[in-house]
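Chains as they are written, first to last, in the numbering used here: chain Y, 1 to 393; chain S, 1001 to 1460.
There may be inaccurate statements among the hints.
Pairs of lysine-lysine residues, derived as PhoX-like cross-links and limited to a Cα-Cα distance of at most 25 Å, are as follows [said to hold, decoys possible]:
no.	chain 1	residue 1	chain 2	residue 2
1	S	K1383	S	K1363
2	S	K1356	Y	K382
3	S	K1072	S	K1166
4	S	K1144	S	K1127
5	Y	K382	Y	K356
6	S	K1127	S	K1397
7	S	K1454	S	K1127
8	S	K1363	S	K1423
9	S	K1454	Y	K387
10	Y	K148	S	K1127
11	S	K1127	S	K1166
12	S	K1453	Y	K387
13	S	K1444	Y	K382
14	S	K1166	S	K1397
15	S	K1423	S	K1166
16	S	K1356	S	K1397
17	Y	K172	S	K1423
18	S	K1193	S	K1127
19	Y	K382	S	K1454
20	S	K1423	S	K1383
21	S	K1444	S	K1454
22	Y	K387	S	K1444
Not everything, but these chain Y residues come out facing chain S in the computed CB check (under 8 Å) [what the hints assert, rightly or not]:
no.	residue
23	R134
24	M191
25	Q193
26	S307
If you are wondering where the hints come from, they were derived from the structure by calculation, not from laboratory data. Here a beta-carbon is modelled for each residue, glycine too, at the ideal position from N, C-alpha and C.
This is what each chain is made of:
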Amino acid sequence: MAAAVPGACWVRAVAAALLLGCCGAALAGGVQDQAEEFFRSGHTNNWAVLVCTSRFWFNYRHVANTLSVYRSVKRLGIPDSHIVLMLADDMACNPRNPKPATVFSHKNMELNVYGDDVEVDYRSYEVTVENFLRVLTGRIPPSTPRSKRLLSDDRSNILIYMTGHGGNGFLKFQDSEEITNVELADAFEQMWQKRRYNELLFIIDTCQGASMYERFYSPNIMALASSQVGEDSLSHQPDLGIGVHLMDRYTFYVLEFLEEIHPASQTNMNDLFQVCPKSLCVSTPGHRTDLFQRDPQNVLITDFFGSVRKVEITTETVSLDNDLAGFESNLPKDELATEPLKYAEQLPVAQIIHQKPKQKDWHPPGGFILGLWALIIMVFFKTYGIKHMKHIF
Amino acid sequence: PLAARTSITSRYEMVYRSTTAQEEAALDVATAQEADAALCPLQDASLGALTMYVVPKTSSLLPQGISVYVGKHRGALVRAGGGLAALRTRLRQLTQVMSFTTSSIAAALSDRVPDGQLGPDARRHLKSSLGYEITFSLLNPDPKSHVVDWDIEDAVNRYVQPVLDKLSLVANFSVDSQILYYAVLGVTPRFDKESSSFLLSAHSLPHVINPVEARLGSSAASLYPVLNFLLYVPERSHSPLYIQDKDGAPVSTNAFHSPRWGGIMVYNVEAPASPQASLPLHVDVDMVRVMEVFLAQLRLLFGLSREELPPEFLLESPGSEGLADWELDRLLWAHTVENIATVSTTLTSLAQLLDKIGNIVIKDDVASEVYRAVASAQSAMAKLATGHLHSAFQASKEAVTSSERAFFDPSLLHLLYFPDDQKFAIYIPLFLPMAVPILLSLAKIVRETRQRKKEPTKMD
């Protein structure tokens, strides 16, 4: 009996300790939940704008970069309706492509990223600086179809990925024009003013890519670049069968990193920052987080690359009468046209053919041209003397 | 005051009077519902106005334990008791419930409030928009086992159209429907031996929507925000399928919704009586049950939930109309404030853009839209201050339309207008080499003229 009592006391003490431990764990769990709530992003949808700014066969790797990112982003959940893909799209059907209708991203032709569900929104010559800025700012002509628009709102997280040839402060578009970092920063500011994004992740894989994010000044932007100012981004591996370089190094390692991510993973941005050390990439990747409000530690990769929706359980119902008779709408219905409709002449061809050419009105030369010519003539005659006039006239 | 340059003041105007004879007669009925119905024609029916009747403490109109009854229209019955101060507090609380509170206005203005003040979940309700597109989709992943028939047109006409007609004041609605075959959920449900059913846990729900969204075809719809309502009939091998909430209990409605996107409901088909029943089974969907859930989700998406009320309040269910008049008022208050805030942000941003680029060309129609937007916004604010909700809302809608049209005009792209330094950079290399001989000759002429002027004076 005497021995049993301390045993009972011991058991009771252990039970009390266990209870306390459980309470502690529950409290800690509650606090943890609260902390997670606080650091969660407030977005409800995700968009992605993927831009490849180069054309021609030798820039195969830029198209492969963009298509690989497109594939990862789709795999992690962003639907095509929320992706704006801008490509020159001249690789798969290029006469120099030994394997037509494919774009490979890994040597030995392991992975074809140009499958049959690639939806390119801006292709070929539509990839211009103007169209890119119109997509970002939303100043699009009203006739543009919905798939070519960025219909984001103030609760959208947007991923912007750009790749191509770049320099210190600019990015070359299709070998004929450039976009400067000032223009890009202004475009993002226009987006912020109209609250077209909640948070923005900007990734750029070009030479001297870090110069492109130097001028950003709008809040909630995080930027990653493949190389610093003065460094070149290098390509990864040539494929001897196709004859060109297939991928850039930075994007290659980013994609290797993304292959490990699945829609429910909790990996955060700090891991993405470490992705390509100098030993592998030769250039030094850079990032910029000073404009971003949350700590990158708390930002999940799937906040930008995937599309995880917030859901709530529906607990309420509306009670309806079971046998509701046919409801007559109180609103006035549109009157149906009673007369037959005719097809209107779109282009009055007969009128155009028989038109006489319009006389262009003659305008006298403007002030600037007149002034310039007056100046030149006056100088000529002052210099050489007025007596030469008779030789001319 | 919410932010640096944003402050909003609100006041409730309360007019007290004694009841008229008609109202007394109307209140002399047995139940609160009848009183509410009888009082409706006697009330002030304009939007934004509320009428509250204070009934004696001992009145039998309100059931036991309930001190406030909120009707379907813009009236409420309040039980007197506990002194004048308590009555005033209760009336004030009731007014806030039926029109707007500080937090609902702050949520409407969430664009302008710095993020720290509101939580990340503050703005989950649908943004005020000129129109919404509602899409009903039936997902049948197993057509070999189930042939599902749903009479959606009839259901929409009967149950959804009354609600949309009531909401037609707020926005234009258009409804369409589709049936998708072989559309599966992205997650595999767990089999639970105890209930011999399949369960979808709460944390796997966020991953359900995305695989389906790609097939919904929402990109073909209009430019208005799209609300998707999906009805999922599980496969025979995964029937019956229940949704679990965070505590592990099955959800009674078997449905969940996502803010600003829509809702999904799982419709379980009963197993056939005999296991040898021939496949495919014919399923007639019970549209009443389905529409009850969808309409509730529609209300929740708009932010009209009835949960955060003190227990002594009794709310009349709005029945087939879907929402009570005062709930419509609540929506309108929030949307009007949001519209006006959006207009001022848009126009300020446009003005800043024009300041930055000095030589931007403003077309005449853009200018007229801006003038119209400013005039409408001012009139909306004036009307809002006097409490005329209907006209204030219309004016704010016009203001938003005009300001959006002005802001998003394609001619305002800053890329198209060169700043002055770029103009110098282009023209100077062109004209400077050409101008050098001209300038030198001019200098020579000036020198010669001066010399010639000096010489004649010397010679003479």
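Hint check:
For a cut-off of 25 Å, the pair hint linking K1383/S to K1363/S is broken: about 30 Å separates their Cα positions. A distance of roughly 46 Å separates the Cα atoms of K1356/S and K382/Y; the hinted pair therefore is violated under the 25 Å criterion. Between K1072/S and K1166/S, the direct Cα distance comes to roughly 13 Å. Compliance with the 25 Å bound is thereby established for this hinted pair. With a C-alpha separation of about 41 Å, the suggested pairing of K1144/S with K1127/S is violated against the 25 Å cut-off.
A threshold of 25 Å between alpha carbons decides the hint, and for K382/Y with K356/Y the separation of about 49 Å lies outside it, so the pair is violated. Simply put, K1127/S and K1397/S have alpha-carbon atoms about 13 Å apart, close enough for the 25 Å limit, and the pair holds. Of the supplied pair hints, the one linking K1454/S and K1127/S is violated, its CA atoms being roughly 83 Å apart against a limit of 25 Å. Annotation: proposed proximity of K1363/S to K1423/S holds, straight-line Cα distance about 22 Å (limit 25 Å).
Between K1454/S and K387/Y the CA atoms are separated by roughly 23 Å; this keeps the pair inside 25 Å, and the hint holds. In summary, the hint linking K148/Y to K1127/S is supported, as the alpha carbons are separated by about 22 Å, within the 25 Å threshold. For a cut-off of 25 Å, the pair hint linking K1127/S to K1166/S stands: about 18 Å separates their Cα positions. A distance of roughly 21 Å separates the Cα atoms of K1453/S and K387/Y; the hinted pair therefore holds under the 25 Å criterion.
A hinted pair counts as satisfied when its Cα atoms are at most 25 Å apart, and K1444/S with K382/Y qualifies at roughly 9 Å. Simply put, K1166/S and K1397/S have alpha-carbon atoms about 17 Å apart, close enough for the 25 Å limit, and the pair holds. Simply put, K1423/S and K1166/S have alpha-carbon atoms about 57 Å apart, too far for the 25 Å limit, and the pair is violated. In summary, the hint linking K1356/S to K1397/S is not supported, as the alpha carbons are separated by about 29 Å, beyond the 25 Å threshold.
Our distance criterion of 25 Å between C-alpha atoms is met by K172/Y and K1423/S, whose separation comes to about 21 Å. Restraint check for K1193/S and K1127/S: the C-alpha separation of about 43 Å exceeds 25 Å, so the hint is violated. Taking the CA atoms of K382/Y and K1454/S, the gap is about 19 Å. The hint holds against a cut of 25 Å. Annotation: proposed proximity of K1423/S to K1383/S is violated, straight-line Cα distance about 48 Å (limit 25 Å).
For the hint linking K1444/S to K1454/S, the alpha-carbon distance of about 16 Å falls within 25 Å, and the restraint holds. As the CA atoms of K387/Y and K1444/S are separated by approximately 18 Å, the hinted pair is consistent with the 25 Å bound. Because the closest C-beta pair between R134/Y and chain S is about 6 Å apart, less than 8 Å, the hint holds. Interface hint at M191/Y: violated, since its Cβ lies 10 Å from the closest Cβ of chain S, which is beyond the 8 Å cut-off.
Interface hint at Q193/Y: satisfied, since its Cβ lies 4 Å from the closest Cβ of chain S, which is below the 8 Å cut-off. The interface hint given for S307/Y is met, as the beta carbon of that residue sits about 5 Å from the closest beta carbon of chain S, less than 8 Å.
Hint check: violations occur at hints 1, 2, 4, 5, 7, 15, 16, 18, 20 and 24; the rest are consistent with the structure.
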